Structures are given as C-alpha cells and as structure tokens.
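Asks: Residues per chain, in single letters:
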Amino acid sequence: MSAHDEILEPRPEGVLGRFRAFRENRPHLFLLVLMMLVAFFMMDPRTWVVLTISGLAMGAMVFLMASGMTLTFGLMNVLNLAHGAFISLGAFAGATVLVHWLDASAGQSSLLANLAAVVPALGFALAVAGLVGLLFERLVIKPVYGDHLKQILVTVGGSIILMELIHVIWGPNEIPVPRPDALTGAFLVPESWPVIGGVALEKYRLIAVILGLAVYGMMTWVIEHTRTGILIRAGVEDQEMVEVHGYRIRLLFLGVFVAGSALAGLGGAMWAMYREIITAHMGDELMISVIVVIILGGLGSIKGCFYGAVLVGLINLYVGYLEPRLAAVATVGLMVGVLMWRPQGLIPVIKV
Amino acid sequence: MSDPILSLTGVRADIDQYHILHGVDLRVPKGELTVLLGRNGAGKSTTLRTIMGLTTVTGGQVRFRGEDITGQPTPRIARQGIAFVPENMGIFSLLTVRENMVLAAVSGPMDEQRLTWIFELFPPLKKFWNRPAGNLSGGQKQMLAIARAVIEPRELLLVDEPTKGLAPAIINDLAGAFEQLKEQQVSILLVEQNFNFSRRLGQSVAVMNDGGVVYAGQMAELADNEDLQHELLGLGLGAHQ
Amino acid sequence: MMQRLLSGDYPRSRALTALLLIIGVSLALGPFLFPGVRAFSMLGMICVFIIVVASYDLMLGYTHIVSFAHTMFFGIGAYGVAMATDAFGSGYGALLIGIGGALLLSVLLSLLLGLLSLRVKAIFFALVTLAVAFAFLSLVTQLYNLTGGEDGLAMRVPRELGPAFRPFDEPWVGFDLVGFFTGLFSDPAGAFQNALFDVRVSGKHLMYYVAFVSAVLVFLFLLRMVNSPFGRVLQAIRENEFRAQALGYRTVFYRTAVVIVSALLATLAGVLFALINRYVNPENTLNFELMVFILLMCVIGGMGTLYGAVVGTAVFLLAQNYLQDLLKLLAGGAEPGSLLEHLVGPDRWLLWFGLLFVLSVYFFPTGIVGQLRLWAARRRQRRAARRPVADQGEQHHAS
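Those protein sequences? They're chains A, B and C, same order as listed. Just so you know, we're using the working numbering here: the first sequence kicks off at 1 and counts up by one. Just so you know, we're using the working numbering here: the second sequence kicks off at 353 and counts up by one. Just so you know, we're using the working numbering here: the third sequence kicks off at 594 and counts up by one.
By construction, these hints were calculated from the structure, which means they are not laboratory data. A quick note: this is a predicted structure, and the numbers were derived from the prediction, not measured. Hints may be right or wrong, so weigh each one.
[As the list claims (entries may be wrong)] Simulated coverage check for chain B against chain A, where a stretch passes if three residues somewhere in it have a Cβ under 8 angstroms from a Cβ of chain A:
id, segment
1, 436-449
2, 452-462
[Said to hold, decoys possible] Going by beta-carbon spacing under 8 angstroms, a handful of chain A positions derived as facing chain C:
id, residue
3, Leu149
4, Lys150
5, Val156
6, Ile160
7, Glu164
8, Asp284
9, Ile295
10, Ala328
11, Leu339
Note that CB positions come from ideal geometry on N, CA and C, so glycine has one too.
Build out the structure end to end from the sequences listed, making use of the hints.
Replies: The structure is reproduced here in structure tokens:
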C-alpha cells in the first residue's frame, strides 16, 4: 500500500476498524500472526516453540532457494522451471566437499575444524550453481526471451538435462551427508526460564535461521540502498526506460540470474546438511515449496518471498506435527486460500 | 547553417507488419530547439523511438554528431549523450523521486550545482524528494521526466509531447524551463501538438505526414504563413495572435 | 466420407500421411503383427497415451494453456476405477461407479483450477497446477488404507476383459513383421513360414481393442472440436486474447471449458490405463516425470496439430522402450567405468532425449508434424513456381 493511498483513506476507527485495516494493509503479517496463534492453541507451548523455530529454519532455507526465482521472474518475466535442478546441484557440490575433499576436517569434533569444511562446502555450492547458472542463461534461456510457452518448455528440458548430468557425475544413488559434529546437537534453554524452560533447540536450525535472516537482510539492503538495487526495482517496473537511461538490462538480468542460481545452490547445500541425505530429485520436491512461496508472496517481490517462505515453513511443521500425512496438502491449501483472497499474492509488485 | 547534431536520411521503420516510417529525412541543428509537428499517426513518436533504437530500423541512416548510430542498442545510444522523454514520461512510479534521479545520473553521483538548478526550475521535486514518484501529479511527473533528462549534461534531448493533458499554468512553467535549456545551447527535438507552445519555443520546425517529413524550415516562416499552416496541419491559428 | 471423418483437417503432407497410416495399421492389427508381451503392452500404452496427449494438446497447442495437472486427472481416472472395483468387486456396476465418481471429481477440480488461475495470466496456471498436482500426489501416497500408498492397487477387471477369458478354442494366426524382415536377410526361403505365430485370443485382446477404438473416437472427436466454431474461437484467443475479448467472447469461459474437456478425456484415458495395465500406483499414473513425458510427446509430435499427438506418442514410447537397447549397444563399445560409458549408458536415454527436446524447441518448434507439413508446403510452392516456366519450354537450371 503506497503512501498516497494512506492519505486518502479515512483513519480506521475502533478496534474492529483497526483490525480490518491491519488485515488489508499488512496481509503477510496478519496471516503469520493468525497461523502462529491458531497453532499455539492446538499444542503445548514447549512443542510450539520447537516447531516454530524449526518452521523458521525451513522457511529460511526455502527463502534462499526461492528468492532467485522470484526476482528472475519479476525482472525479466522469465519463468525458470529448472530452478530445482540448481538446488540439487548445490546440494551435490556441497556434499562433494564435505564427504570427499574435506572429510577429515568435517569428521573432527572441534567447531573450528568443522567450519573449515562447512564454509568451503557452502562456498563451492554457491560457485558451482552460479557458474552453471551463467551457462544455462546464455545457452538455454537467452534464445527464448519474451516467450513464456517456450521458456516453460526449454527450462523443463534443461531441468531434465541437469538432473541427468547429476546422475552421470555423482551416480544414481542417494548420498548420505553426515552433518559435522559441531553443528549437531541442541542448545538447552535453561530450566529457570518461564514456559519454555528445558526446551531443546537444535543448533543447526538456529544457524539456518540466522543465515537466512542475514541473506534476507543483505538482499533487502542491496535492493533498497544501492544503485544496483534501484536498477533492479526499476527494471521490474519498466525495462525499456532502464535501457533509455543507458543501462544494459540484459547484463543486469544475467547478474541476477547467476546470483539467484547461486543462492538456490546455497539453499540446496544447507538442505543437504539438514536432511543428511540427498538425491538428484530433491530439487523437484523442493520446487513445489518454492513455487508455493513465490505465488504466496507475489511474483517478483523479495519481501513477499521471505514472508511466503516463513509461512510455508511454519505450516509444514505445525501440520506435520498434528497430522503428518497432510503437510503437503496444507502447504498447497494455503496457496489456494491466499489466491482466492488475493489473486496477486500477499505483496504484489508487478501486475500479472 | 552549421553541421546538424542529428540527421536522419531515408529512415524506414516497421512495427509488426505495419510500415510506420517510409523514408524520413530530418536535420536537427546544433544548439537549437526543433519542433516536430504533424497529425496523430504521422509517425512523430516512432521517429523519436527509432532514433533511440527502440524501434528496429529497416532502412536509411541515423547520424549523431556525424557518426552513424543506426541499429545500435539503446543503452549505447543513450550513453553517447541523448536523453529521451517518452510520451508516457516513463517515470518509475515505485521508486522515489530521488531514486529516479539517481538512476538518471548514469556516470555517478549527482552534480550538486545542477541539482540546485533543477530544484529552482521545478520546486515540487525538492518538496517530494523522498516520496514515491507514482504519487506525483501529472505535471510534477513531467517535471521529473525532464529533470531526469537534464541531471547530466546531454547533447540532445528528445521530448515527446510534454504538454499533453497539462493545465495551462504548468505548461507555462515548462516553457520557462525549455527557454533556460535553449539559453544553455542544448539541442532539443520536441514533438508537439500544441502549436502555440511550439511557436513560442521553436527555432526550426519539421512537419510530418504519413511516415515522412513533408516540410522543414524556420519556425518563424511557418508561424507567419497561415496558408502553409492550413496546408500542412489542417488548421489555422492566425499569424499574429 | 473422409472429409466428414477428419473434419476437413487433412495431414497435408505425403510423408505424414504415410507415417499416420503405418501407425494406424500397426495399432489396428498390432497384436497380430508384433509377438511378445513387451510389444503388446507397448501397443496398449500407445492407444492410451494418444488420448492423454491429444487432450493435452487441446490445452497446450490450441489454447496455449500450460497445465501440469494432466497426470492428476489421468490418475483420478485410474484410481477411480481401481478403488471402486477394490471396494465393490469386479462387476461392471463397480466400474461404472468408479468412472462416474472419477469424472465428477475431475470436473470439480478442473473447474476450481480454471476459476482460480485462468483469470490472471496463463503462466499462473502452470505454477498453480504444478502445486495442486503435487498435493494430490502426496495425498494419494499418504492415504494408503484407501489407495495402497506407494504399493498401489491391483485392478480387478471384469472377466471378459481379463486374461482368463478365452472366447475361441483355436489360436489365431499372427504374422511377425519384424521377424519377417530380419528373416529375409538370414533365411530368405523360410522367412515367411518362420514369421507366422500363434495368437491365443483372450480378454486382454478384447480390452486392447476397447482402448484402440476409444483412442480413434477421441481423436476424431477432438479433430471435430478444434475445427468447429468453438475451436476457431480458441485459436483466436491464443493469437490475440485482447482482440477476442473485444469481439465479445468471454475468454475465461472458453478457457475453463477447454480445461474441463481436456481433464475429462484424461480421466477416461486413466480408466483405460487401469483396465489395460491392471495395476495402478503413484509412479505409473501421477508422477511428475510422467507429466514431463506427456509434455515432451506433445511438443515433439507438434503442438496444435492433434496429428502430432499420435506421432509424438508413438515416437516417444518407441524411444522409451527401445532407445535403451540402442544405448546398451553403444555403451558396450565404451571402456567400462569411463565417463563415456556413463554418458551413453542405457539409463541415460533421458539425457539424450532431453537434449533432443531442447534443440527441437529451438529449431523445430512446430514438431515433427509441423516440420513435415512445412516441407510439403515448400515442395508444392516450388512445383507451382516451376510449372509456368516449364510451359514456356525454357530450361530452368539456375538458382
């Protein structure tokens, strides 16, 4: 909601009026609070805390994977259905470092030694996915700009090729990825704390939340405060005028595509350590969450993507606890519900 | 007459299967304000877009400062010092006024002196500096569009119908701004339907009809010759209003 | 007669006509031309998937709607009859209940999908259907007490359509086409005699012909539909939605109607699949990979031609079944354990197919049918251009 509209709107009156204004102006926060409250009354508080933290962790990882896809779509109107393959690619690249190259360091129990393996693993995942993203954009996507139907077709084809190449390089079987010692285990909340005293919070999930928040913060900062960010936002709105000002939008897009692929790879590598086992098709499965997230948030919106990811993470964990069989259905049900309420998603930035 | 800063010879352009321009010949003299007149659909806007590289040229040549720029990509044409204000103004409405200006200053941070000068020309821009540009009124948006075009020194401005849909008082403000730009010897190619506005500002003039230039000369000549106005524009405004 | 049957939409290429005739004859007489269980089951799959792909083409090719939920409707049909016969026995009544229930569910779901996402841009539809189809898959996998979960359900077919039913005591005679031609090289004299084989006609053959006749009828129905005024409106919407709207057509109505028709036909194909395969599980009816295969068949055959569905299905299923054999031969030549062996190993047929697919989208976006028609049209043009010159008695060797 823009400032202009706020001026024109009458100030909400009364509790009900203020509630309605909150619901309409901040649908993402409204939905988040609603979901957390409903869940809170359906389970005991300690379980709720654990599930909320886990949901946030999953949301943070899904956000990493989804942010690139939503920006690519917003900026260039390109729908990349091969995005899931980059998630898998990152997972396998990260696993290669952890399991084969730096396994000695990953196998020790000291934090420093573990970090010496984990950080290069994440970096390698980032680099491999980014590099393949660069090639993919030039070879597969560039020839079909502006044609949605062909984009869908070639990216589905490209996804098959990438998945098959993963099979060729890493073999067709699942690969176990043991999480380094220092990242396993949990923090115990001191018993003296009210309500949640004694709750065990898994370390790795906390780390995922922190990393996700850090990336979100960094992305928001880049997009809000740097010239590149201004250019990206301007490009989402009107590509032609960006070119009229003398900027090569294709180069900007290539950059965003590579960054998005790299982040998908990072998310994949994080997911690999979270699940401790990877398959080439893990990307396809995660793609569903990614798609739900970008539709929920509104195509092209980073903020929407973040809140969408958190919502998806939370509903997955809450419903997964209450009725494990319905977790996937609830995720998609959330999307259907939001689409009925707001066909453009929670925080739309572009018209679709 | 000195060498023109911009010249078009036999320029042809198509949009989809329609031939819009069939051989446009046009000279924009350096340091002058040239007005491009003509009926709706004569091809004025397409001519500007073609110069900018936004429409594909299918024949002929566009020369800027004597160099051939035909068929170059838009960003490269822009970087050589041509600014373009399209008919819809092309404001980024989700960006703030400041961000719109930051974007327009291609080569780096904005020049303080020029910014002060722009604020003097268009005071509303200073007032709404950190507001979303989408909230500006039509006239303020036009001010922002022109401000973006002049935040850096440019050799040539292409402006498409700046007065469209604006109140007379604001048109007057805009005319003042264009006069200052003329004093600074900026070359301008202005598409205009408003003949009074054009006559006040224009030094040379070209009239388009059906995808080609049918008249080119000095504005003073056209302004004094009512028969010619009738013939070219289908309207007479009187020679001495 | 032909005019009416094909609704005036001819193949328009001699090569294509020949190809269609070969496919048609092979399917019509299939059980008597190709011996073996593998060939028989593949023929059945071709019939079923012609329906699936042709109905998909109605959306993709004629309306430019990309749906990833086509397998969901296929699965609804297959699971509908499988679950009904599982619960009520193998009679025709149970079959009808299953079919009715499946069709009803398909209508409701496709209506929901259409209303939910066809109002906004078509690209939304692709994403929303992908997510919904996934939720459906997950539901089917999780509700194992109803659906058998990952293990799936064995379908109990009516006796007359099963292998136990033997209408004739004597075996019929079949003629092994492939065996005959290979025999011509090794043993020309006995080739004919050796190619003859016995066919013990059973309910399976009856079921095969039910599927074959259904495929023919559905194909002709769709051909009629796309060449009717309704089909013309669809193509108008595809070319320029805005203009179609301005002319007063309610585009959302037309699009939703297409989605529903297509979903119903996919459901029907699912029913046939369950009857012919007699075993239903998530992998053979609902998998995302299967959805991608349908997309590939449609595009490779040629979008927006319907004939492409026939050609694409036949080519793809042949490749799926026999390309692996070919690759096995190739891999035999490569060093064991080398990268080359991994690249051309029989499990990697999909890699090569994917590559072929991407390249064909770039270079032959109209698929096999479109390309054959293009060549035919060019030849006709060239001939038309040459004729007047020849009439004047001039030699025309230039160019």
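Asks: All the hints need checking, so say for each whether the structure fits it.
Replies: Each hint, compared with the structure:
| no. | hint | in the structure |
| --- | --- | --- |
| 1 | 436-449 | holds (count 7) |
| 2 | 452-462 | holds (count 4) |
| 3 | Leu149 | 6 angstroms, holds |
| 4 | Lys150 | 6 angstroms, holds |
| 5 | Val156 | 6 angstroms, holds |
| 6 | Ile160 | 4 angstroms, holds |
| 7 | Glu164 | 4 angstroms, holds |
| 8 | Asp284 | 6 angstroms, holds |
| 9 | Ile295 | 6 angstroms, holds |
| 10 | Ala328 | 4 angstroms, holds |
| 11 | Leu339 | 6 angstroms, holds |
Violated hints for the displayed structure: none, as all numbered hints are satisfied.
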